[in-house]
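Listed in order, the protein sequences are those of chains A and B.
Residues 0 to 137 in numbering that gives the first Met the number 0 are what the first sequence lists, from first letter to last.
Residues 0 to 112 in numbering that gives the first Met the number 0 are what the second sequence lists, from first letter to last.
Calculated from the structure, these hints are not laboratory results.
As the structure is a computational prediction, the values presented were derived from the model and not from experiment.
It is possible that some hints are incorrect.
Chain B is faced by these chain A residues, among others (derived, beta-carbon under 10 Å) [said to hold, decoys possible]:
(1) Q43
(2) A47
(3) F52
(4) L67
(5) L76
(6) V82
(7) M100
(8) L123
By construction, the Cβ of each residue, glycine as well, lies at the ideal position given by its N, Cα and C atoms.
Here is how the chains run, residue by residue.
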Amino acid sequence: MGFRSFIHHLTAPRSKAKPVRGNVKLVCIVNQSLKMGKGKVAAQVGHASVESFLRTGRTHPHFLEAWLSSGQKKICLKAKDDVAFEELIACAQEANIPFHMVRDAGHTQIPSGSKTVLALGPYLEDELDGITGELKLL
Amino acid sequence: MALIVRADLNLSAGKTAVQCAHAAVQCALEARRKHARLMERWRRTGARKICLVAENLASLHRLASEAQNANLPYHLVQDAGHTEVAPGTITVLGIGPAPRRSLDLITEDLSTL
Chain A
0 MGFRSFIHHL
10 TAPRSKAKPV
20 RGNVKLVCIV
30 NQSLKMGKGK
40 VAAQVGHASV
50 ESFLRTGRTH
60 PHFLEAWLSS
70 GQKKICLKAK
80 DDVAFEELIA
90 CAQEANIPFH
100 MVRDAGHTQI
110 PSGSKTVLAL
120 GPYLEDELDG
130 ITGELKLL
Chain B
0 MALIVRADLN
10 LSAGKTAVQC
20 AHAAVQCALE
30 ARRKHARLME
40 RWRRTGARKI
50 CLVAENLASL
60 HRLASEAQNA
70 NLPYHLVQDA
80 GHTEVAPGTI
90 TVLGIGPAPR
100 RSLDLITEDL
110 STL
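The shape of chain B in the complex, shown without the other chains (with noise of 0.2 Å):
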């Protein structure tokens, strides 16, 4: 699973933190309800997941559609602005659970958080 962040928001740490669980939580429940045996893979195997950046909204949004184009699971997170940015702000992008392969065709030009 990939979590995405946007760079230009400049989230704090916990901030990140917290979207990025968000995004994996939603993908969770998604993988579970349309590929079950890949998410039960996923977990078994250690539920591997990593942070990375992009530039910004577009950025988020080209790779959010190069994952729907690629059938995986994949959710973007909004968030409710109770803090730090303001309400309906795209934070995260969380692609995934999804194999390794198909996860680094898209994003394997984006750096690590």
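In isolation and in its complexed conformation, chain A is listed as follows (with noise of 0.2 Å):
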């Protein structure tokens, strides 16, 4: 640690942002009745990550620092149907999990509106883990 930045440690207020214990994950979850292609699937979850990951530095910024600074660590799983993300968005909102699921707007493939992908976090990974235990890695 540098003069300054030591100097900076002991005089700047404290941040309120309690430190996030643990691991976190961004989780993505591919609707698979749609049966999309490898490169639309892709491009679903370039957009559900990008679209959670702004939503968390909304609203639980502390995370997505953790997220950032921890290699971003994303998986992806798959679900049955789009009843199944239904489910899944009931116990994220009830756990007050950051999520974003994604309409698509049907230019290619499939009709529009069409719910393809559903991300959850960046948050903690034993708490995802909760929620998405039973689900298959795509």
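Relying on the hints, combine the two individually framed chains into one complex.
Below is the structure:
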């Protein structure tokens, strides 16, 4: 630590955010019933990740910090259909986990408004595992 | 935003998706710092993303330098190597968000994934 940062360390106001304990990850859940191609899935997961991390930055900034500085762990799971999404969203809302549901504009492959990918987090790995524990890896 | 995947690694669908998401997030972070207005316009108009394929690492590097010359935000994703590939492998190149015309100039020869 340099001299200036040492002084800053002593005098800066304490951050209000509680430090995050435990690992933080982002989970993307893909709707398998739409049978999207590999590239389509990748783009949709990209949409979900970007929107979800931007939202987390507004609502849970300390989780975003922890995620960005710990290698941005992401994981991709699959769900049978969009009914499964409803349950996951309900759980996420209850536990105050940030999420984003991607609805496709329908330019390619699938009808407009289809629910393609649900992103949960970045949030505590243990809590996310509690919700998504039964889902398989994509 | 274009997400360009290396064809020679034969990544699984899930791995590809996650690597593309890494690229998209990094590009968005950089664009928010350096091209805030373009970033907002891109999000308002549906945050268009497209996945393309490039042959190998050399083609990713070539595309990355073209993006750099054109002053577009870009990011090369280097995998930590916990699964499928060796640590440090470069998997995906993300370019953008950028105006469609300048992106098309760089990526017109590539096919979609």
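We went through each hint and held it up to the structure:
{"no.": "1", "hint": "Q43", "in the structure": "8 Å, holds"}
{"no.": "2", "hint": "A47", "in the structure": "7 Å, holds"}
{"no.": "3", "hint": "F52", "in the structure": "6 Å, holds"}
{"no.": "4", "hint": "L67", "in the structure": "8 Å, holds"}
{"no.": "5", "hint": "L76", "in the structure": "8 Å, holds"}
{"no.": "6", "hint": "V82", "in the structure": "22 Å, violated"}
{"no.": "7", "hint": "M100", "in the structure": "14 Å, violated"}
{"no.": "8", "hint": "L123", "in the structure": "19 Å, violated"}
The earlier numbered hints that this structure contradicts are 6, 7 and 8.
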